[in-house]
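So the protein sequences, as listed, match chains A and B.
Going left to right, the first sequence walks through residues 1 to 330 as the working numbering numbers them.
Going left to right, the second sequence walks through residues 1 to 324 as the working numbering numbers them.
Among these hints, one or two may not hold up.
[As the list claims (entries may be wrong)] Think about it this way: if two alpha-carbon atoms lie no more than 27 Å apart in a straight line, the pair counts; the simulated BS3-like pairs of lysine-lysine are:
#, chain 1, residue 1, chain 2, residue 2
1, B, Lys263, A, Lys205
2, A, Lys268, B, Lys236
3, A, Lys44, B, Lys263
4, B, Lys306, A, Lys268
5, B, Lys265, A, Lys178
6, B, Lys265, A, Lys279
7, A, Lys85, A, Lys136
8, B, Lys297, B, Lys270
9, A, Lys205, A, Lys320
Since the hints were made in silico from the structure, they are not lab data.
This is what each chain is made of:
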Amino acid sequence: MAVNNEVLLEINHLSKHFTVEKNFFGKPTKVLKAVDDVSFKIYKQEAFGLVGESGCGKTTIGKMLANVYAPTSGEIIYNGVDLGKLSQKERRAYCKDIQLVFQDPYASLNPRMTIGDIIAEPIHINKLLPAHEIEKRVLYLLNCVGLASHQRNRYPHEFSGGQRQRVGIARALAVEPKLIVCDEPVSALDVSIQAQVLNLLVDLKEEFGLTYLFIAHGLNVVKHISDRVGVMYLGKLQELAEKHELYDHPLHPYTKALLSSTPVIDPKLKRNKERILLKGDVPSPINPPQGCRFSTRCYVGKLEACDKQCPEIIDVTGNKHYVACHKQVQ
Amino acid sequence: MLLEVKNVKTEFKMKKGMVKAVNDVSFQCEKGEILAIVGESGSGKSVTSLSIMGLLARNAKVTEGEILFKGENLLDKSASEMRAIRGNQISMIFQEPMTSLNPVLRIGDQLTESIILHMKLSKQEAMQRAVEMLELVGIPSPSQRVKDYPHQMSGGMRQRVMIAMALACNPELLIADEPTTALDVTIQAQILDIIYRLREKLGMAVLLITHDLGVVAEAADRVVVMYCGKVVEEAKVEELFEKPLHPYTMGLLASIPRADEDKEKLYMIKGMVPNPMNMPAGCAFSDRCEKCMSICKEQEPAIREKDGRKVRCHLYTNDLEVIH
Numbered sequence: 001m002a003v004n005n006e007v008l009l010e011i012n013h014l015s016k017h018f019t020v021e022k023n024f025f026g027k028p029t030k031v032l033k034a035v036d037d038v039s040f041k042i043y044k045q046e047a048f049g050l051v052g053e054s055g056c057g058k059t060t061i062g063k064m065l066a067n068v069y070a071p072t073s074g075e076i077i078y079n080g081v082d083l084g085k086l087s088q089k090e091r092r093a094y095c096k097d098i099q100l101v102f103q104d105p106y107a108s109l110n111p112r113m114t115i116g117d118i119i120a121e122p123i124h125i126n127k128l129l130p131a132h133e134i135e136k137r138v139l140y141l142l143n144c145v146g147l148a149s150h151q152r153n154r155y156p157h158e159f160s161g162g163q164r165q166r167v168g169i170a171r172a173l174a175v176e177p178k179l180i181v182c183d184e185p186v187s188a189l190d191v192s193i194q195a196q197v198l199n200l201l202v203d204l205k206e207e208f209g210l211t212y213l214f215i216a217h218g219l220n221v222v223k224h225i226s227d228r229v230g231v232m233y234l235g236k237l238q239e240l241a242e243k244h245e246l247y248d249h250p251l252h253p254y255t256k257a258l259l260s261s262t263p264v265i266d267p268k269l270k271r272n273k274e275r276i277l278l279k280g281d282v283p284s285p286i287n288p289p290q291g292c293r294f295s296t297r298c299y300v301g302k303l304e305a306c307d308k309q310c311p312e313i314i315d316v317t318g319n320k321h322y323v324a325c326h327k328q329v330q
Numbered sequence: 001m002l003l004e005v006k007n008v009k010t011e012f013k014m015k016k017g018m019v020k021a022v023n024d025v026s027f028q029c030e031k032g033e034i035l036a037i038v039g040e041s042g043s044g045k046s047v048t049s050l051s052i053m054g055l056l057a058r059n060a061k062v063t064e065g066e067i068l069f070k071g072e073n074l075l076d077k078s079a080s081e082m083r084a085i086r087g088n089q090i091s092m093i094f095q096e097p098m099t100s101l102n103p104v105l106r107i108g109d110q111l112t113e114s115i116i117l118h119m120k121l122s123k124q125e126a127m128q129r130a131v132e133m134l135e136l137v138g139i140p141s142p143s144q145r146v147k148d149y150p151h152q153m154s155g156g157m158r159q160r161v162m163i164a165m166a167l168a169c170n171p172e173l174l175i176a177d178e179p180t181t182a183l184d185v186t187i188q189a190q191i192l193d194i195i196y197r198l199r200e201k202l203g204m205a206v207l208l209i210t211h212d213l214g215v216v217a218e219a220a221d222r223v224v225v226m227y228c229g230k231v232v233e234e235a236k237v238e239e240l241f242e243k244p245l246h247p248y249t250m251g252l253l254a255s256i257p258r259a260d261e262d263k264e265k266l267y268m269i270k271g272m273v274p275n276p277m278n279m280p281a282g283c284a285f286s287d288r289c290e291k292c293m294s295i296c297k298e299q300e301p302a303i304r305e306k307d308g309r310k311v312r313c314h315l316y317t318n319d320l321e322v323i324h
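Turn these sequences into a full structure, and let the hints steer you where they fit.
Structure representation (structure tokens):
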């Protein structure tokens, strides 16, 4: 998997805050910081993995890239253009380039449309092809994702979860995107079907020269498909590195705990594995801990700064291994 | 033997006819053992557990076989006899911690309900027991938490409440149906740790129903693999992961991405699980099997067994030797 040095997408200090409660005058009193000051780059034709537990903000980032949410602050720079500075009309031209594949293949397809129509819709909307050529393109896309042409006029309920996910992928491919945001694309699928869809994603990436932002909570799945991986916790990016570097030499205590919590598919290893069990739950993002977000569950001896100041994410090894932890700086 | 499931068949009455969700399933579970039942959706693993609990839907029925719990057939029990066993000697944790608790009752009231019923304690004593149980499963400040409603708790906490509820009457058998599927990995590790510790402490047996082979490798002693309502393989956990015999088990193990390996491509089991209304003749896995022989399409393989290791496949002799 060749990683290009050309940057396709760059996000700078991106934040998304949701107002949960307003007072009488419409001033927000409770704010949920779903994504808080996150920056990273995605290179051309790479697969960038984003892991974290529920509520860490990984899906919100994907939705901001796909123009579902407008960022509260920060920049999304795509191919050198700051998407936030564009008007909605100008922005739409770029929507085509960034497409989403959703988690739940049962909820993300319109049950009243045939799968052929579902795939044709984005081509119509973006006026990409003259009407008489659309059908040919739909059949081609169906074949690309491993479905048969004669299934074109069937409805989503006639398909299994894995097949529906293929339809979702074909729909994303229909507008010839550059970047596909895959939001937990296999977590709703059975094990034997997961492998089929993951392999399909790898094939399509090669074939169409795609770039992926791969969002998932399963560390094994993310490692399989990604080139670089970022770890998020409570709206903040905690660690980012090339995947082997991250999995073999994790630096952040949270990454270490995540890796050690992930089941190992080898019953012999489990007994001599030292396990880090985190205490308690993820704190509420409405009222996150002061200082380091992970400080309430951190099991490594605390520094004074941990409770007071949120650590910056910096390259500590000089090896493009970024980590946000006060203890790594010393 | 604590639990013996013998040749159980569970059928669902559908508009189009009878569907065999569980078809001739047998296994045993000893005291203090963690037995995992693995399979994909539609393999009949959950229906098996509901058959044991006597909680099947109205259109479903166990049509054949026996379920022996401490030597007594649970299928012969009346509804009120089953109520005395359920929640007391056998209890169950369900998959969805979000929907399995009653949203309009306080946690404490839900916990004490079964304690008062089965242990015949007074309300105060039952509440004390409930607080103890919450403490056992690691809920901070349990005496305040019993006054909470389910919506005030996170998913991991609700699942812990479910476990506390299931364990309140010291059951001898705990049936855990996908206990960690809806949870994050760090919480999953906590829950598995609790189940593991309580097994040691209380000596209960656990029937762990899951599709996650990682969880199986971490927690189970023995494994039963199910496919399309049948047991296709049974083995000790180390044996199963080291040398799976059934092509389906081999395929499953090869198709999961692993952190300790680097592969460009994952192994794929082709096709998908057949429709239960329209099963292939012979072996149910034959359509997807790479090692399918002509006999597989004609004749349903019988179970081959040696030293407690079982496999249902035509590839092996009765002594589990490979036929060439």
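Holds or violated: lysine 265/B with lysine 178/A, Cα cutoff 27 Å?
OK: lysine 265/B and lysine 178/A at ~23 Å, within 27 Å.
Restraint check for lysine 265/B with lysine 279/A, where alpha carbons must lie at most 27 Å apart
violated (36 Å)
Is the hinted pair lysine 205/A and lysine 320/A satisfied, with a Cα-Cα distance of at most 27 Å?
holds (24 Å)
Would you check the hint for lysine 268/A and lysine 236/B, treating anything up to 27 Å between C-alpha atoms as holding?
holds (12 Å)
Against the 27 Å threshold, does the CA-CA distance of lysine 263/B and lysine 205/A hold or violate the hint?
holds (16 Å)
Proposed proximity, lysine 136/A with lysine 85/A (alpha carbon, max 27 Å):
Violated - the C-alpha atoms of lysine 136/A and lysine 85/A are around 37 Å apart, more than 27 Å.
Does the structure keep lysine 297/B and lysine 270/B at a Cα separation of 27 Å or less?
Holds. Lysine 297/B to lysine 270/B sits at ~17 Å (cutoff 27 Å).
Hint check: lysine 44/A vs lysine 263/B, CA-CA at most 27 Å. Holds or violated?
Roughly 22 Å separates the two Cα atoms, so the pair holds.
Is lysine 306/B close enough to lysine 268/A, meaning Cα to Cα at most 27 Å?
holds (22 Å)
The structure is inconsistent with the numbered hints 6, 7, although it conforms to all the rest.
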